[in-house]
Amino acid sequence: MIKLEVLTKYYKKHARGILDVSLEIKKGEIFGFIGPNGAGKSTTVRTLLNLIFPTSGTATVDGLDVVADTIAIRKMVGYIPSEVNFYDDMYVKDFIRYSCSFHGEIDQPFMDTLVEKLELDLSRKIEDLSFGNKKKVAIVAALVTHPKILILDEPTSGLDPLMQSIFFQFLEAEKKNGTTIFFSSHNLSEVQRICDRVGIIKEGRLIKVETVEDIMKTRAKTVRLKTEDEIKPTDDMINFEKVNGYISFVYTAETKKLIQLLSTVNVIDVTITEPALEEIFMHYYEREDQS
Amino acid sequence: MKKLITTEFKRNLRSLILWTSIVAGMAALMLMLYPAFKDAFSQLEELLSIYPEEFLEAFGMGEGGLDMSDFYGWFGVEGYLFVNLIGGSYAAILGGSILSKEEDDKTIEFLLSKPISRDRILFGKAIVVALNLLLLNTLVGIVLLIAFTIYGDLIVPVWLLFSYAPFILQMIFASLSFLISVFITKSRKVLSIALGIVIGMYVIDLISKLTEEFEYLKYITPYEYINAVSIVNDQMIKPLYLLISVLIIGVSFTSAWFFYRKKDITA
Numbered sequence: 018m019i020k021l022e023v024l025t026k027y028y029k030k031h032a033r034g035i036l037d038v039s040l041e042i043k044k045g046e047i048f049g050f051i052g053p054n055g056a057g058k059s060t061t062v063r064t065l066l067n068l069i070f071p072t073s074g075t076a077t078v079d080g081l082d083v084v085a086d087t088i089a090i091r092k093m094v095g096y097i098p099s100e101v102n103f104y105d106d107m108y109v110k111d112f113i114r115y116s117c118s119f120h121g122e123i124d125q126p127f128m129d130t131l132v133e134k135l136e137l138d139l140s141r142k143i144e145d146l147s148f149g150n151k152k153k154v155a156i157v158a159a160l161v162t163h164p165k166i167l168i169l170d171e172p173t174s175g176l177d178p179l180m181q182s183i184f185f186q187f188l189e190a191e192k193k194n195g196t197t198i199f200f201s202s203h204n205l206s207e208v209q210r211i212c213d214r215v216g217i218i219k220e221g222r223l224i225k226v227e228t229v230e231d232i233m234k235t236r237a238k239t240v241r242l243k244t245e246d247e248i249k250p251t252d253d254m255i256n257f258e259k260v261n262g263y264i265s266f267v268y269t270a271e272t273k274k275l276i277q278l279l280s281t282v283n284v285i286d287v288t289i290t291e292p293a294l295e296e297i298f299m300h301y302y303e304r305e306d307q308s
Numbered sequence: 085m086k087k088l089i090t091t092e093f094k095r096n097l098r099s100l101i102l103w104t105s106i107v108a109g110m111a112a113l114m115l116m117l118y119p120a121f122k123d124a125f126s127q128l129e130e131l132l133s134i135y136p137e138e139f140l141e142a143f144g145m146g147e148g149g150l151d152m153s154d155f156y157g158w159f160g161v162e163g164y165l166f167v168n169l170i171g172g173s174y175a176a177i178l179g180g181s182i183l184s185k186e187e188d189d190k191t192i193e194f195l196l197s198k199p200i201s202r203d204r205i206l207f208g209k210a211i212v213v214a215l216n217l218l219l220l221n222t223l224v225g226i227v228l229l230i231a232f233t234i235y236g237d238l239i240v241p242v243w244l245l246f247s248y249a250p251f252i253l254q255m256i257f258a259s260l261s262f263l264i265s266v267f268i269t270k271s272r273k274v275l276s277i278a279l280g281i282v283i284g285m286y287v288i289d290l291i292s293k294l295t296e297e298f299e300y301l302k303y304i305t306p307y308e309y310i311n312a313v314s315i316v317n318d319q320m321i322k323p324l325y326l327l328i329s330v331l332i333i334g335v336s337f338t339s340a341w342f343f344y345r346k347k348d349i350t351a
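Here the protein sequences come in this chain order: A and B. Sequence positions in the first sequence follow the numbering used here and run 18 to 308. Sequence positions in the second sequence follow the numbering used here and run 85 to 351.
If we strip away everything but chain B, and leave its shape as in the complex, we get (with noise of 0.2 Å):
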């Protein structure tokens, strides 16, 4: 299996150093503007003013919510959501493409011909899966760590929660279309319903913050889990939450496995 590893690691690497490089430049890029935005946000706070609180909410900004004056809750309202929509999509397709890919390309038949079991494959490939959005969340926690010692006072909770809660969402995300690869091997059909789903549970996530009526979806939005507001003020990720996503993953995987070891495969 080892071997299974370092092989798929390998045909992943150009694609996660593309990614990484992208989450990395985009944190980059929203940490560098700070300073020229940080005397104009008395004259922001104003502004912001008149948008209704339901608005300033979605975007983290509400009562309650981030000072966008403040190092951290600036990149908790501009550069966090980034890293996490464009994280969360690079999960979702190295999830979604991981094994369909296999199936796609035809090449699972070589695969599956040598002596090794479903189960490792399944196995070694989501520890692959699991290790590349690990590397990319440290890449980006390196970038995160030089920033916030430069521009304000570094709070190691709030950098390792700012670095690594994204992992969470995009390993729901990357689990999820895990397990949809299993049944729909066409991998550009897989691609489309992983996106869909970023997309998407970001959609509810704003719904869920902008409508009294729909609070209750923040339960199902991975966005909210991962929530920078928590992140900034209370330094934590609520325990319900990291309950409900330890529990998607797990089952999500685990139905992978579960599907996967007793399908024919016909490609």
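If we strip away everything but chain A, and leave its shape as in the complex, we get (with noise of 0.2 Å):
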């Protein structure tokens, strides 16, 4: 459905943008797009859209190329900005509705459901709105119209965990009618949570793309353990840290090796446990900085 092939943007101004991007994102998947800010996400995003334009390299939606089907793809697609800047003087039913008009015919009851769940206040300005409420437009904007695609550029900040969780809602319901997502966030859990794979990027370039599953089988732990004798960080630990008498790292050789080690040592208390997608994803930074 989304299709990236060596896509580069160089920006004249600022040195980075993307580099080399090979992607390619399944029709009714939600594709979870993770790094740290400045990585290259909201490039890759802004590509899509057309706001700027590929350096090298192509992308397509659905078959269509991104400079010049632009028009033909934006009318499938459902955008929510990490950054929400609407018309500050408008009213959100007005802005809603001017939202609207350029995809044609808005579906009421849904957008009704949309409003109340979201506990959204239609009669307000704009201008008026928290961080988080105008989010909340910027939601039911994207997804009133019922998108073949939806691309989300960190879609949850601002929100509380409730309305959080309310979006997923929102989202997996669009996955069922065979949506394709692409969720570009900085926040892991939330995108362990929704995504079927991920893209991990860095500095501009994609290192590494797996399914959430697979992430998770990866064979580090998260080791924790109290003990008087002292223990050398190795390059197999990742994260090493001490905190309250407590020495935590992320063991990323096999678990044998992990068992002997331990062995040595005199434990008074230990757990281990799966990492967190956190945890894998400063193990796969980090791998990379050492290659």
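Hints are computed from structural coordinates only; laboratory data are not their basis. For every residue, glycine included, the Cβ atom is placed at its ideal position computed from N, Cα and C. Each statement offered as a hint is correct.
Simulated pairs of lysine to any residue, SDA-like, Cα-Cα distance not exceeding 20 Å:
hint	chain 1	residue 1	chain 2	residue 2
1	B	K185	B	K273
2	A	K234	A	T288
3	B	K94	A	S118
4	B	K346	A	D86
5	B	K190	A	Y108
6	A	K225	A	H203
7	B	K347	A	I69
8	A	K29	B	K346
9	A	K192	A	E46
10	B	K86	A	Y115
11	B	K347	A	T75
12	A	K219	A	H203
13	A	K20	A	K44
14	B	K86	B	S201
15	A	K151	A	N102
16	B	K185	A	I69
17	B	K346	A	V84
18	A	K225	A	T235
19	B	K347	A	F70
20	B	K94	A	R141
21	B	K346	A	L81
22	A	K165	B	I200
23	B	K86	A	R114
Not everything, but these chain B residues come out facing chain A in the computed CB check (under 10 Å):
hint	residue
24	K87
25	K94
26	T191
27	K198
Here chain A is said to cover these stretches of chain B; the calculated rule only asks that three of the stretch's residues, wherever they fall, bring their Cβ under 8 Å from a Cβ of chain A:
hint	region
28	199 to 209
29	337 to 350
Join the two chains into one complex using the hints; note that each chain is given alone, in its own frame.
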């Protein structure tokens, strides 16, 4: 559904954009696109919407070229920007109507559901809304047209956990209807929660694409232990920390080796758990740095 | 695009009303002062005769210029300038902000995520600029129509020219600032440059009239194109000036379109 082929974007002013990004997202898939701020997530999103032009390479959405067929693409796309900037002097109601006017008919019952569930006040002016409420306006405006593709750039920032959860329910419902979702985020737990596959971008390069399942299956383990003996950090340990008498690290080598290591020290207390996606993510980052 | 135009028009309506009131109000004020000054003109003429010819010419009162004791002459010297300076400033602000405001406020990201082409966005906004300026001049034209009918004999071509010649000048300023705003997206910067052009061109107009040495400068200042002297005395805008005006407006808008359609929106 979305296909990037050696897509590169250089900026004149800022050095980094994205470099040789190749990626294919299937129809009906929720694809998480993760990386820290400045890694190239927004650059990729902006290229898909043709806000910016690729320096080289191509990107297609449903077989349509992002530059040549941008209007046809935008017809089927719902977009939630990371920073919501709408016309401050407009009322929420008028803004959503204006937004929908580009797509055609409004699905009024669905709109009412969205507004009710997200607890959005239509009678207020955009300028009087908090960041979170502006985000809700963006969510309603993006979802109400039943787009075939949703492009979300850090969509949950500003939303409280309850609203995030309601938002995810809507996303899952859309996914069931066959909507493809491009979910850019730096929050790994939300990506882990909702996405099918994850692409990790760092300094403009896509360094890893894996299913969330596979990423979680990595042999890395989070170890938290208390001991009076000294443990020296090795190459197999990342995020090595000593807090409140506990040593914690992510162990990336074989579990057998870990057990051998633990048998050499006097362990008072230990927990070994599956690492959170954040920790795996750091693991990829560090490995990239070493190579 | 219809929705874009109506939305854009609504968003700019308040400032249109404000500026139209100022321009029409200034014109009306100057016209109302006419009866009070009328009788003093014979003395004024004497007083003016001490001034150098170039000076009088700069304000359209030189030889072959305007007769201040005539109603149209009075308006051409006293009211028309205000209409052009204030109306020109509005045009520059409107033309310079209508596009750059979207980038400065970052709302362009919303607009360009919608299925509307950049061509249409640009075209729609240019239409709103032209429409607003037409409305402004029409309202000023109504004020002039009332005044000209009350105080003197209505000469229709002169009235029409006084009402709509400023539209040409305003469109020149609006299209130039529109073009500038494609490259400079900080609204405040665009507006200082745009207003600088409005004032700067007026200064150039004065210089071209005050000195023979720099007379050729008259070809680059829009104030000369729609000079009150030709409106009152010849009842026309010189075809050469009209041609230059249309060219400037056309080239500015076309260049704005040309550069905007390939521009990276990084705001």
